[in-house]
Amino acid sequence: MDVLTRLAHFFAPLTHYIAYILAYLFESIFLVIFVTIVLVFMIYLFRKYMARVQLRIGPNRVGKFGMLQLMADGLKLAGKESILPKGRDDLPFRIAPLIVFIGLVMSFALLPYGDFYWIGSLTITHSNVSVILLFAAIAIMPIGEILAGVSSRNKYAILGALRGVAKDVSFEVPMMISVLALVMMASARTAEPLNLSDLVSSQIIPFGIPEVIGLLVFFISMIARASYSPFDMGESDSELVSGHSTEYSGMRFGMFYMGLFGSIFLSSMMVSLLYLGGYNGPFSSDAGFIFLLIKTVILVLVAFTVWLSVPRIRIDRFVNMGWKYLLPISIINLIIAGIITLGVGL
Amino acid sequence: MIQEEKKNDSREWTELNMGPQHPSTHGVLRLKIKLDGETVKEVEPIIGYLHRNAEKICELDYYCDSLIYFDRMDYVAAMNMEVGYLEAAEKLLGIPPPERAKWIRVIMAELSRIAAHLVWAGAFGLDLGMLSPFFYCFVQREKILRIFTEISGSRQETNYMSIGGVYQDINENIIYMIDEFTKEFPDKLEEIFNAFVKNDIFMSRNKGIGILEPEVAINYGVTGPMLRASGIEYDVRKAEPYLVYDQLNFDIPVSYKKDNLARFLVRFEEMRQSVRIIKQAIKKIPDGPYFNPKAKKSLMIRLRGEGEVYARTESPKGEFGVYLVGDGGVKPYRVRVRSPSLKNLSVIRHLGKDVLIADLIAISGTIDLVFGEVDR
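Heads up: the protein sequence lines correspond to chains Y and W, in order. Position 34 of the first sequence, counting from 1, maps to 33 under numbering that gives the first Met the number 0, and the rest follow consecutively. Position 2 of the second sequence, counting from 1, maps to 1 under numbering that gives the first Met the number 0, and the rest follow consecutively.
Looking at chain Y on its own, in the form it has when it is part of the complex:
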């Protein structure tokens, strides 16, 4: 039973209609709080980790070990004037950061989180097509970035948005094909392979072992999706100032920033769910959420290490890589998955 249904049962004395409205409301509040906690944790982790890699100390002034630094930064951003550039396309300019943030929160709503001792299942929404919904929600975020680039009437922003489009087009196809291979493999075990919970539960050995190629393709694509180094050509600071978010300031900029770090956490969590067994652990299925978090944090650290050590790849090379290497490799991977599913019935 997911959280949404439990909430609806809790409000059941009210009429069915009102009960579901209240359930959705509470669910949204929980989600936003959860995403905020994740972001605070992620940004703190990133800043400390980056500082250690770069022989620095990192934030250590506000609060114990600088843990309240993020509060201070957030307050600063919220208190800043949000400058609106002249000649902007007003509505898209205002809603673009919201689209990015909403896409992020929506994606978190669809993930299965496993069980956690007395609370039971932490999964927020069950749906028998949640794989498709999840990738639809993820695909919302680039729209916000492109809107931001086009509407702010700035050459850097437009160039950044164009690069973003080129990037998104070239990685999304291999990403989807490698997920398709997973669905195919899961279909041998479960009746609803498009349901994320079933897809994750059907991994007796993690999909990452037979699907190593798919894991690599998916991880590269997700790094590109989150657009951080080496795939941060969209907002490459040494070329395009900061790409699509050049004209943004204050809390609107903060939303793009949160979108970036949220994406890293989201992509790491998706890789651990789809390829590393997710909330399945060596013991005690009660601690599923803990296993998921451990796997995710390890992947996040891998992503940070990549971020901090490699230079930016050139946009034409990346597009080449997407179409000439990732796409054929992911198709080969799909064929391998098909053979495994038919032959071995893994």
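Treat each hint with caution, since some may be false.
What the hints assert, rightly or not - Subject to a maximum C-alpha distance of 35 Å in a straight line, what follows is the list of computed DSBU-like cross-link-like pairs (lysine-lysine):
(1) Y:Lys323 - W:Lys33
(2) W:Lys182 - Y:Lys47
(3) Y:Lys85 - W:Lys31
These are computed hints drawn from the structure, not numbers from a lab. Keep in mind the model is a prediction, meaning the values are calculated, not measured.
For chain Y, the structure is supplied; the task is to place chain W on it using the hints.
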């Protein structure tokens, strides 16, 4: 020619300004570029945002006081600038420095060269999107700056040398610091070097990009590591030795690959050679006075020079020339500086044609610009 091309190309080119307040450009460089999609069709560097009229100010000051303006030209390699000015001023005034001062100057100039190249390497990494090597470079540079602080009281704008010698002698403590530095720096340098060259993306961003043919380089007046990376073995320290460089044993790194990577490799090899020079010099340094008594502090402002001199030295950026004209007074009649960065920058018009924006940034990174020196 550009006009004709424009007529043939019916599409309009996008005009884009990079700088002077752009995170990629070093200092206050402004690049006015014309873009066709992602391809740079034309690039025009616009300079002058840091113009401080240093040469004219030098003409209004005593010979001994001009030194600080040279410190602030190439502010990451202040010692080299001081050497460059003093080579000219001492020739004009006829006050040669004693032997010991010459050796001290060589050591300081080479330390400064390492510091300047480290700043360059870090900034180049940032240009390409590598965040961490910047800090590794600056940690090493900090050790050099600590030596400078110990010897002159200032980190960057040292104002350490003076006409007829140096401001103060080097003592046991400083020799120990330099010894320690030369002992541990080569290993650290290899670490930094590997952080760059063992990275495939770094190699692919630099190999074969920004090829500078030797003829073009000579025509534009390019000097220093950029020229040597184009396959021409020209270094003022060997071609026309000043100070005591003729008594030292070192190589001039040359690369025949002519691209970004060649410039990168040449600069790193130069750092290794500088360490070699420092190691020799610290052993060979003779005893004796560190200051020419003819240029005592009380007599300093009465120094008069007549005639004209041109002195050239090898700064980290290239050939640094100082032209001085004296009319017999206590102040120079004319001061003129040949700054290597300016000549090296001019070649970007040639290199930045028909490349991608990302490559243009990488190319301008390998030129190694310091705007205090370009604009003066």
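Honestly, which of those hints from before does the structure not fit? none
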